[in-house]
Amino acid sequence: MKEDALWYEAAYVVGITNALNVVADGLPPDVLPPLAESAADAQTRAVIDEIRAFYGEVPAPFLTIARDPRYLSDLWAAVRHGFDEHRLTRRLKEALAFAVSLTSRSAFGTRLHLTQLRRLGVGEGGVMEVVGVAQMFSSYTKIADTLQLASDMGDIAPVDPAPAPGGRVARPSTARPRRKQR
Amino acid sequence: MPTVRIRNASEYPEAAQKLFDLSKAWFAHDFAEPPAMSRVMAWDPEFGGPHGRAMKRAMAPGEFTRADKEMVAAVVSGANACRY
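In order, the protein sequence lines correspond to chains A and B. Start counting the first sequence at 1; every next residue gets the next number (this note's numbering). Start counting the second sequence at 1; every next residue gets the next number (this note's numbering).
Hints listed in this document are in silico derivations from the structure and should not be mistaken for laboratory results. We treat Cβ as the ideally placed atom computed from N, Cα and C, and that holds for glycine. Heads up, some of the hints might be wrong.
Interface residues of chain B toward chain A, partial, derived using beta-carbon atoms under 7 Å [claimed, not checked]:
id, residue
1, 10
2, 36
3, 58
4, 67
Let's have the full structure, built from the sequences with the hints guiding it.
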């Protein structure tokens, strides 16, 4: 996990997962009713069909935001790209999304990503592995915060000298030194 | 600034030194002092011991690799807004 590209990809998954969870948990149907699929125009229906094919269901927040078809289309493109396999597998991405949803107490996200993990062949042992890691690091982080510990492991990770995708390697004089969080 | 004084490894009893060696092996890094969290957990071995064993069991390779799990741990730490 030395390359920054892997961590950018993970961060996108975390961000877009949180985006879906916020709408799902904060805007239940009685607060903002989802769009009825029968009321969707052809283009929106095509997006909804793609979502269903990807998940095996249409997660509720997509129907909530389908009230603005162009917004749905762009958000779905970001979600799709975020969860598609690039450097990280979809399986690991669903594990990250499950762990983040569990940690942020999103009932919607926890259920969705647990279902996706199982669809992707992760067994009960694998699910418990992710639950265990989420639980243990929820303990460590709170112990660290309670005692206000300063990070003392940031320097042990190597720095990735690769440029941004399509970019050029920075000359040493212009590259800003930085520390990588563990 | 920590709310407690984090003791140096030399201030811990002999039994804790073994835990610090295990910590060094776990991170595959030769720390000048064991990580602060290792020293916190060594304060009370009756808590830190089983907590550490549970962590190692959770982090051991299984259906997911240790590297996968380090990434899960990182995102959980991020979700908990913990910079440690």
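Hint-by-hint comparison with the structure:
Hint status for residue 10 (chain B): violated, given a least beta-carbon distance of 17 Å to chain A, over 7 Å. The interface hint given for residue 36 (chain B) is met, as the beta carbon of that residue sits about 5 Å from the closest beta carbon of chain A, less than 7 Å. Taking 7 Å as the C-beta contact cut-off toward chain A, the hint placing residue 58 (chain B) at the interface holds, the least distance being around 3 Å. Hint on residue 67 (chain B) holds. Least Cβ distance to chain A is approximately 5 Å, under the 7 Å limit.
Of the numbered hints listed earlier, the single one contradicted by the structure is hint 1.
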